[in-house]
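Protein chains in written order, with this note's numbering: chain A, 1 to 437; chain B, 1001 to 1465.
Treat each hint with caution, since some may be false.
To be verified - Stretches of chain B that chain A covers, calculated by requiring three or more beta carbons in the stretch to come under 8 Å of a beta carbon on chain A: (1) 1202–1211; (2) 1259–1272; (3) 1371–1382; (4) 1394–1402.
In case anyone wonders, no lab produced these hints; they're calculated from the structure.
None of these values were measured; they are calculated from a predicted model.
Yeah, the Cβ is synthetic: ideal placement off N, Cα and C, and Gly gets one too.
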Amino acid sequence: MNAPQRIVQIFLLLALVSPAALIAALTIGSVPRRPLSERAVARMTSTAVFTLVTSLALALAAYVTTGLEPQTWTARQWLTRTGGALQLDLLVDGWSLTFALVAAVISGTVSVFSYRYLHLEKGFVRYFILYACFVLGVQLVALAGSIEVLFAGWELLGLSSSLLIAFFHERRSPVTNAMRVFSIYRVSDAAMLVAAVLIHHRVGSGSLSTLFRAGTLAAIDDTGSMQLTAIAFFILLAAAGKSALVPFSGWLPRAMEGPTPSSAVYYGALSVHAGCYLLWRAGPLIQGSFIAQTLVIVTGLATAVLAALAARVQTNVKSALSYATLTQVGIIVVEIALGFRTLAFVHLIGNACVRLVQFLTAPNVLLDLHGFEGGAGRRARWPRLYAFALQDGGLDVILDTLVVRPFFAIVRAGQRLDERLSGERPIQGPVGRETQP
Amino acid sequence: VISLPVILWLASVFGLPLACVLLSNTRMDSRRLRVVAIVIALFLTVITTLPFFWEPLRGFHIHLPAWVPGTGAVLRVDELSLVLPTLAAGMWLFTIVATPTIVLGADGLRFTAQSTLFTLAAFLTEHPLVLAAAWAGSVTALRGSLMTTRSTKRHAAGRYLNVSTLLFVVGALLITRPTRHGSALELTALGLLVAGAMIRKGIFPAHAWIPALFEHGRLGPAILFSSPQVGTYAIAVLVVPRAPAELLRVVAILSLLTGVYAAAQAIVQRSARRACAYLFVSQSALVMAGLDCTSREALTGALVLWLSSSISFAGLGRCLLVLEARRGELDLGRHHGAYERKPLLAGTFLVLGLCCSGFPGTLGFVGEELLLGGAVAAFPWLGFLIVASSALTGIAVLRMYFALFAGRSREVPMALRATEAAGFVAIVAVVVLTGLIPSPLVRSRESAAESLFTQRVAGRVQAGE
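Assemble the whole structure, with the sequences as input and the hints as a guide.
Set out below in structure tokens:
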């Protein structure tokens, strides 16, 4: 490894270590009964974010000035096993470094905003632990060179997002909504895991660059082509869950229960674009399969149309903004499927930055334009279309009817059977039992 | 020839919990007894880690005289059993440290010491009769704890345990009879052993007793009985080397289905104890599935998942016990608001629960990743049930977390005791550190899997396959 490579590698490791160290520091600091002061938390967070942004900026500068070639680096041979190694691979190219740097800058902006927004809030430290998990997650997603790293980042994003939606957990509604969002994220995670296993079977390792190159190979036998289509399908499913694409877009307004800074960074700027970034990375694979390409285009278009309609009938500014973001996300997905990768990337970065500013300034806009919330959705010329848009195309109802209710009906039948098998009465209503410690 | 270090080591391993059993029958003050028990359990944990570092203890086998029926070492420490005594001893230590004083008492100490003693005996033998005796002993210890409960519904669990013990003992007796590999007698014996282990581990359709045991029995002894997974060990040493592939495939498929079914059940339970029990059944079933997939990778995954699920499940159960001691029964239909008073407990619950669902950065992820690869290779479609199980487990865990820790707290302010907090921090540290640096543990499990696999291949060659 030559000197420029070594320098970029050191900066990248520093970038990943800083949010991880922040998680560790805040978690360990929370163990004693006396909580960390807000000032201490803010200082630690600022230091970590500053280190992150600086090291990524320097890594990008070093990458550009030394003219390094795009490459995958094995940061660590994490686990060797019989069926092949699990590696911590980082993908180093201009795109991944740019996305990571933009994500770091956005995260930094939100952290500064959050200090004031959450001042004297009971869950101040908890918020920043989850925020640090998010920062680490998004950096892992941005720099992932192997499916294992991508999956780790993906899971961190999902978990921190759900726990932040339930941030005000004294109330029931945020918790209920967080549970719903988490359930959809789990579907997305499961799809990602299935894709991971298929990738291992296809390319013999979890290397994303090998796989995405494989998609562009001209000669692929039928079995291989089917496998690649299956991988592309599961990647689309994973992206759809995380980016609220159709048919999962119903969770987006539910996610607005969290604090505004977290809504800004998750559903305005980064998390909602994580699925797009994944699809963007998998672009060559998607374009290698006609079925996958068509599916992605249809999903993107449906999302864009539905979100554009829904954005016009929302009665609160955060939901309206989130649907506006989603409209663009749908368009970005279509751009990716059509092969306009540079346009899609620029669109993605631009949309993330614009929506971040809009989300963060939303409370001030409301203050300036009294009555904005009450005014939204007043002109309903086509009541049916209005109702359709307001209910987000009825996707939640469809999912509930086709998936959730049958699932619970089956599981509850099993529950009754189990209670009979163990000689217990079926439980009606609240649990009633003789508890022994 | 038994060397002096081995004799001393064995005397300490079995003598220490035995001393605790004897002491708990005296009139010693309960608090003082607890301190003594903690010291004993601590020593035991240290002693059982010696085989890792001390050459004379690494890899010894002691056989019974030739006139005693049955094959296999009566006492052994090798790659498979290397970490298991430490697991059993560590769980006992954690149980004593993390169980509220009000709950434990002299009775509780006796049950836990007895249970640990029999679990240790089981983990250090491969002789069918000795294993069957340890099996029956641990069931007796659990039944002793059940007798102290007032619930009449404990009998269901007792019946299942009796049947499983009977099947296992008969199977062990039959397998000690000299017979050729693949004979009808051996197949019958293996079938009985598998049936006994399946009941004990709660594999569908013999799973319903575990939630009943957790709900109506004493939670502490139930956790200590279930979490080390003696049934898994019995399958690994007695069945996997001998059983025909068809039998193992059937068990693996049933186990995979149980993994998904139990994880789904955990989502709809209103009782926290039952939900926890179903989570255990799901994890335990996945371990069983891995053992029966007959591939090295799946075996390694199962052995790693065994440790991860045992540790995390023991921790989850203790979290429930700590909460119950302060607020009574836990109904998942409402929010209990425990985060406000016990953020450390909330964090512990979440990390251990996520470990069960295979979250990256925990030991559960490593086990599940290995198991998934091996299972998909063995069952290209059914193997993906592990993914479904993991997704459902994650949902069940977060639902439990929100129900227990979200909301407003109405309890009397009662923080965790220092020993409880130390126990929880330690157990979280174990699952996270082994999850971040898994290689040493995985290497050790891989060589254990390799040895099991070699035994199996030799057995199948003898059987003429």
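Each hint, compared with the structure:
Coverage of a stretch by a chain is defined here by at least three residues with a beta carbon nearer than 8 Å to that chain's beta carbons; for the stretch 1202–1211 of chain B and chain A the count is 5, and the condition holds. With 8 residues carrying a beta carbon less than 8 Å from a beta carbon of chain A, the stretch 1259–1272 of chain B meets the three-residue requirement, and the given coverage holds. For the stretch 1371–1382 of chain B, the proposed coverage by chain A is satisfied: 5 residues have a C-beta within less than 8 Å of a C-beta in that chain, meeting the threshold of three. Here's how the stretch 1394–1402 of chain B fares: 5 of its residues keep a CB closer than 8 Å to some CB of chain A, so the rule of at least three is met and the hint holds.
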